[in-house]
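Given chain D, put chain Z in place with the hints provided.
Taken in sequence, the protein lines are chains D and Z. Here the first sequence stands for residues 1399 to 1543, numbered as in the working numbering. Here the second sequence stands for residues 746 to 915, numbered as in the working numbering.
None of these hints come from the bench; they were simulated from the model. There may be inaccurate statements among the hints.
Simulated coverage check for chain D against chain Z, where a stretch passes if three residues somewhere in it have a Cβ under 8 Å from a Cβ of chain Z [stated by the list, open to error]:
id : stretch
1  : 1450-1458
2  : 1474-1485
3  : 1523-1533
Covered, in the sense of this in silico footprint (three residues per stretch, anywhere, with C-beta under 8 Å from a C-beta of chain D), are these stretches of chain Z [stated by the list, open to error]:
id : stretch
4  : 762-773
5  : 899-906
C-beta: ideal position from N, C-alpha, C; glycine also.
The chain contents come next:
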Amino acid sequence: MRRAVFVVLPVVIFFIFSASVAFAQVQTRIRIIQASNVGSNIDSSLRDVHGQLGSLFSFSSYRLLKDETVALSPDQPVSIPVHPGRSLELTLIKQHRHTAEVRVQIKREGTDILDTQVRLSPGRTVSIGGPKHGQGTLLIALSRP
Amino acid sequence: MKKNCSSVSKLLEKYFDREVTGAERSLVEDHLFDCPTCRDALHSMESLRNLIKSPVEEAVEKENLPWVWQKIEREIRLKEKPSWWEGIRDWLDITPLLRKRVLIPAAAVAAILILTTAPLLFKKTSSYPGPSVVEYVESQTYDVMIYELENAKGTIIWLFEGPDEERSTS
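Isolated chain D (complex conformation) (with noise of 0.2 Å):
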């Protein structure tokens, strides 16, 4: 009886932590914001968002129109309405110890506007912007929590 259970347990840890390994999701955070000159606020959250393109552009408000966390896995892709006409969706293409691969498409009815594959990395955001939204510029935030 000892004999098996000395036998079986690390059999049963090894398992455990390979399917860990090989099933993990990567949680992304998505941030789908409004940057423009009209007004002066700037949301709460996004005062990270500010802290880093402050320096670059001149944008005075920063309004927080969707703010989503989505589990990625491997090869799965998962779409996110950004626009009228638009959508963003994110595939998980290779996870590291610390960074994840993951391929990002902005689709404007269907069709491919923007197809990158970015390294997302705790503590580090990536921000992908430009395009116009209403009075301001459209930017989105991709960050793992």
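Coordinates of chain Z only, in the frame set by chain D:
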């Protein structure tokens, strides 16, 4: 011998060895005062001790004790240091997990698991492959510029829709 001699005689040896309590000592001494038989018994014990003590003390005086102690210490040191192989064997004997009957099947199972899952594990847990955050960017609609922020906390991919719409940047 008086009436309570039998009970005192049990205490007599303790009294002789000075192991009695205060109350017991009083009891024995009171009894000895009145009982010549027990006094004789006590004297016999003292005589016997003296008989043994003298030759032992003489033998000890003749013996070279520091030399004997050095010899004992050397023996202790030699016994305290088993060979590394004996140490490993002792350890294996006291560790049930590593006994041969358990160790061999466990090692075989672990080896099979490592061989079957190692490629997957190494693929998934490899270290960070390079410093670039953006692997590639493709757009047929926009001109694209990539900014790497100096503090390494962020990367910006900026899409320029056209010459008239680039002016949002400072």
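Evaluated hints:
1. 1450-1458: holds (count 6)
2. 1474-1485: Since three or more residues must qualify, the claim that chain Z covers the stretch 1474-1485 of chain D is violated, with 0 doing so at under 8 Å.
3. 1523-1533: Holds: 8 residues of the stretch 1523-1533 of chain D have a Cβ under 8 Å from chain Z.
4. 762-773: This one is violated; 0 residues, fewer than the three required, reach chain D with a Cβ under 8 Å.
5. 899-906: Per the Cβ count (8), the hint holds.
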